[in-house]
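One line per chain: the protein sequences are A and B, in this order.
Note that numbering that gives the first Met the number 0 gives residue 246 to position 247 of the first sequence, counting from 1, and the numbers run on in steps of one.
Note that numbering that gives the first Met the number 0 gives residue 221 to position 222 of the second sequence, counting from 1, and the numbers run on in steps of one.
A few of these clues could be false.
Stated by the list, open to error - Listed next, the in silico DSS-like pairs over lysine-lysine satisfying Cα-Cα at most 30 Å (straight line):
#  : chain 1 : residue 1 : chain 2 : residue 2
1  : B       : Lys-88    : B       : Lys-75
2  : A       : Lys-205   : A       : Lys-293
3  : A       : Lys-436   : B       : Lys-297
4  : A       : Lys-471   : B       : Lys-275
5  : A       : Lys-692   : B       : Lys-185
6  : B       : Lys-34    : B       : Lys-46
7  : A       : Lys-39    : B       : Lys-322
8  : B       : Lys-322   : A       : Lys-471
9  : B       : Lys-270   : B       : Lys-322
10 : B       : Lys-275   : A       : Lys-39
11 : A       : Lys-532   : A       : Lys-673
12 : A       : Lys-614   : A       : Lys-665
13 : B       : Lys-270   : A       : Lys-1
As the list claims (entries may be wrong) - The following residues of chain A were derived to be distant from chain B, with all beta-carbon distances above 10 Å:
#  : residue
14 : Lys-51
15 : Asn-57
16 : Ile-97
17 : Thr-100
18 : Ser-127
19 : Ala-138
20 : Thr-162
21 : Leu-189
22 : Ala-194
23 : Arg-402
24 : Gln-492
25 : Ile-508
26 : Glu-509
27 : Ala-555
28 : Asp-716
29 : Ser-720
Please keep in mind that the hints were generated in silico from the structure rather than gathered at the bench.
For each residue, glycine too, the CB sits at the ideal point set by N, CA and C.
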Amino acid sequence: MKFTLSWLTRHLDTKAGVEEIGATLTRLGLEVEGIDNRAKGLEPFVVGFVIKAEPHPNADRLRVCLVDTGKDQVQVVCGAPNARTGMKGVFAATGTVIPRTGAELKAGAIRGQASNGMLCSAYEMGLSDDHEGIIDLPADAPVGQPFAKVMGLDDPVIDVAVTPNRADCLGIRGIARDLAAAGLGTLKPLDVTPAPGRFKSSVQWKIAPGAESGCPQVVGRTIRGLKNGPSPRWLQDWLTAIGLRPISALVDVTNFTTHDISRPLHVFDADKLAGDLTMRWAKDGESLAALNGKTYALDASMVVIADDRRVHGIGGVMGGEHSGVTAATASVFIESALFSPGMVAATGRRLNLLSDARYRFERGLDPTSPFWGVEVATRLILEMCGGEASELTVAGSEPSWRRAVSYRPTRSRTLGGIDIPVAEQEGILRRLGFETKGGGEAIQVSPPGWRGDIEGEADIVEEVVRVHGLDKVLPVSMPGAGAMAQPAVTPAQRRPMLAKRTLAVRGLIEAVTFSFMPSALVDLFGGTPGELKLVNPIAADLDAMRPSIVANLLAAAKRNLDRGLGDPALFEVGPQYRDATPTGQTLAATAIRVGRALPRHWQGPARDVDAFDAKADALAVLEALGAPVENLQVSADAPGWYHPGQSGALRLGPNVLAWFGAVHPKVLATLDLKGPAVAVEVFVERVPLPRSKGTGRPKLDLSPFQPVERDFAFVVDTGVSAEALVRAARSADKTLIADARIFDRYVGDKVGPGKASLALSVTLQPKEATLTDEAIEQVSARIVAAVQKATGATLRT
Amino acid sequence: MLDQLEATRGELMKLVDAAADLPALEAVRVAALGKKGRVTQLMQGLKDIAPEARRDAGQALNRLKDEIEAALAKRKDGLGEAALDARLKTETLDLTLPTRPGGLGRIHPISQTIEELVQIFGAMGFSVAEGPDIDDDFHNFTALNFGPDHPARQMHDTFYLPPRPDGMPVVLRTHTSTVQIRTMMKAKPPFRIIVPGRTFRSDSDATHSPMFHQVEGLVIDETTHMGHLKGCLIDFCRAFFQLDDLPVRFRPSYFPFTEPSVEVDIGCSRKGGELKLGAGGDWLEILGCGMVHPNVLKNCGVDPTRYQGFAFGMGIDRIAMLKYGIPDLRPFFDADLRWLRHYGFVPLDPPSLAGGLSR
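Same shape as in the complex, but just chain A (with noise of 0.2 Å):
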């Protein structure tokens, strides 16, 4: 919302500078965006008068203008085609820095003439893009005098931020009276005195029966016997400096009260109108074409204002271009209207369509506005055009508005922080335009027609508060529960920090990738269910909630090797989304590595990443996260977009905690990566949290006796699992053997096709006394046994 200041001191009678509006208006919650003083820099141009302007007599395009720059007689050459004998321009004498380049004007000469200053171009001013010749000036610009301010630019623009619920703010008067209300002057009365009705007005307003939802109320009158021509000055400035073109004195008004005291309203040619005008619903297959020479197809959701023929504008958005007001219009009927915020909201969504209009009445209006609206509108029109108004028109009824919120001063010091006497709160409420009655432990308090935020107690407290000075409300540390602080996470809450140091901490670097990925992929990594498609993505390679974030990893890896980044060794940790339900998300420790687990090296060969670097991760994170690593069983049931012969589950029975393995090929030749990759997924949320409150650990058992170390080793079918053999040696004696381990694995003409020869140690541990030689070759027995029954092993030799 833009305003210049002296547009504001026709409402606020004020001393204050630009400087002290700007501070106090950020203070009382419209931040100031940009105090734009457009005079800076333009102090040396003055207003110059051309004396004569003669051909050079050495260049065909140049100029030599002798200037009146009212303190003495220059000579200029000047290049612009406009510069001519009599004319007023823009002067800039030697020594001015010129806006537009930064550079100080020299005394010189041009092709053998003199030339001591410079007749200036809008464009060199930094005024606008236009360099087609020197500003001409208006006959009546007083030479000598600076230019800034004949031209109304001393006048600075202050930008304010208006928030949704200050609808009144989007007139210069609310913005006014927030000022005054905050002690910096005082508001001056509007004019809103009814102009006498001279006649009937020849068109008269009407509401279809059912439209009053969307238009509760509309008044106007017909203005008759005008002429329609350029707006004064300084209403052409005004409208200027915001931003705004100046058009013609009914178009401009109606900008200005729009802006001025956010009251939108529009003009119709009333010769153009065939029979009164009515508020109805469009009817489907209706169509306008509006003041902005676009064409808008209309439906019954829309309030219009049409007459006996047509539709002339769409309520509270956009007037239509048949009935615009032109230079020829001698005779106008205003439109000024109430329309329901949300109807307005939803027409201009549906058209697409943003006009300030539109803006305000989806903000709401103040619901006396349309009577006083209409009367500062006539002011104006017959103060610029002349003619006389009718008698107003009125079609239905100003909506209930009027409330009174029951209000207990001490809410200041008891929600707001700060003690307030309670007249000065009243003397606030007063000045913000509210009424306040009774006395005791509740005043009651009734919001002004433009303010339909208020509600409640808590709004009050806002205004009392904003305006005597937020920052006069003194900070209190917040009170602690005792001198120490409990811990702000629980156990379960610590876990994927827990997971991300611990994949750090082994070389991998953390990611944070989009919840998205391309529904196109989402296949490959188990679907998506149709729920979890987005309804409006922003990009279409982001338009599906991921299942998995190994897709967004291995994205995240392409990207990096196709920059030359080699290797890389990623992890997330963070959700994943099954179904659009609040349960529905899963946590995921995710890590990826491509190419090499080791690079070349002088002390070995390189090596390729393979199945169990993402095991060991997998284990690595579970062991951070209290998993029971040792009792985990891998099962070879690994989703689809591993490797079916290289992947795994970790699972405590039932319950799968991770899944690793190589990635599919399948899936790397579709992301056009280059492996070989592997990846890991740990549920963290489903590693089971320890049981017992206390922090007690169990006893520790330590025997004194000798741990014996045996080794084994297996023939097996190629078919029979590591981890099979090693549960039944443990088995053999649950008690003695404290470990069992695989330390090699051997495939190859010593043990035959379809064989591989397993070589196993097996740690026992005495508890009672040292082992002799018979016990350790009774339990080696047994493990023998045990393994040769469960695997079909035989002990190679």
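Given chain A's structure and the hints, the job is docking chain B onto it.
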């Protein structure tokens, strides 16, 4: 006998000194003290000596044996040292060669910043609450007092998923304020929570990303007022940015779910085009907050005539950018290894208030 001993001593000592390496020294030992060694033979000869002389001879022989053993041991040490020296000379490595590959990864700035937030607000008695990224119109808008025509509900801001069978629109949450609603509907006051998490808006340019992170704060009890709101957020800003004298400004503003509503700016300077936090005459907006709107409390079944408090929301990515001087938002989600290595954090340096938030 004694003369013979002296001669033997002399010869053996010479042999010990002459032994050039450990095997030669071993041969000397065998020749002297072995089963057939010269000292051993002399010992065996003792039985032939007259009893009156035997005692003296025996003592002398024992002395000789001790001396030889000592000389052997000394020589052995010397030879061992020389041999070790010789071996070590052959074992020299070029230690400027690179180590075996491997090293630490990095933690993303967002994770680190969230932990910092948890540390600071944890010390102020807040605990962490969570909620789903995919939520519905009720939790994201209606319960938060957004009117049916509020512009934020429109398609250009909110990502939509297909509606539920009952017609309820499904959205990607546009703010973490949804968890205010979920928390208040699930439990009884008082509340003091923060909610860090992913948020989504259909917006993408240099300063906007369709996915970003927010932290929501909510305090509800019977006495919390705007003084606490100011105190809490001033304390937070100064602790987080590690600037004890950081100016913090509160401006009235508007949000549907708070009344009064406030925006918070921190002091900065922009001299020479460089943004620097601290007292510098300029301001930078960092968060929105306010006293929870009575309608929101009512919508969650909390009695607004008894309970009140404040809520705030701020962009985690944004405050991380400001604190750590990260210029652009979009690379946060691009997973460029160079960016992650440069702006990431070493894994074993989690932030804490006692140990320091960041170095």
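Status of the hints after comparison with the structure:
1. B:Lys-88 x B:Lys-75: Given that 30 Å is the threshold and the Cα spacing comes to 20 Å, the pair holds.
2. A:Lys-205 x A:Lys-293: OK: Lys-205 (chain A) and Lys-293 (chain A) at ~27 Å, within 30 Å.
3. A:Lys-436 x B:Lys-297: With Cα atoms ~28 Å apart, Lys-436 (chain A) and Lys-297 (chain B) stay inside 30 Å; holds.
4. A:Lys-471 x B:Lys-275: holds (27 Å)
5. A:Lys-692 x B:Lys-185: Holds. Lys-692 (chain A) to Lys-185 (chain B) sits at ~24 Å (cutoff 30 Å).
6. B:Lys-34 x B:Lys-46: holds (17 Å)
7. A:Lys-39 x B:Lys-322: violated (35 Å)
8. B:Lys-322 x A:Lys-471: Holds, at roughly 28 Å.
9. B:Lys-270 x B:Lys-322: This hinted pair holds, its Cα atoms lying about 18 Å apart.
10. B:Lys-275 x A:Lys-39: At roughly 27 Å apart (the allowed maximum being 30 Å), Lys-39 (chain A) and Lys-275 (chain B) satisfy the hint.
11. A:Lys-532 x A:Lys-673: holds (29 Å)
12. A:Lys-614 x A:Lys-665: Holds. Lys-614 (chain A) to Lys-665 (chain A) sits at ~21 Å (cutoff 30 Å).
13. B:Lys-270 x A:Lys-1: Distance of about 27 Å is within 30 Å: holds.
14. Lys-51: Since the minimum Cβ distance to chain B is about 48 Å, Lys-51 (chain A) lies beyond 10 Å and the statement holds.
15. Asn-57: holds (46 Å)
16. Ile-97: Non-interface label stands for Ile-97 (chain A): nearest chain B Cβ at 23 Å, farther than 10 Å.
17. Thr-100: holds (21 Å)
18. Ser-127: holds (27 Å)
19. Ala-138: holds (45 Å)
20. Thr-162: violated (3 Å)
21. Leu-189: Holds, since 25 Å exceeds 10 Å.
22. Ala-194: holds (35 Å)
23. Arg-402: Given a closest Cβ separation of 16 Å, the condition holds.
24. Gln-492: violated (6 Å)
25. Ile-508: At about 5 Å from chain B, Ile-508 (chain A) fails to clear the 10 Å cut-off, so the statement is violated.
26. Glu-509: The claim is violated: Glu-509 (chain A) sits with its nearest Cβ about 4 Å from chain B, within 10 Å.
27. Ala-555: violated (4 Å)
28. Asp-716: holds (37 Å)
29. Ser-720: About 30 Å separates Ser-720 (chain A) from the closest Cβ of chain B, which puts it past 10 Å; holds.
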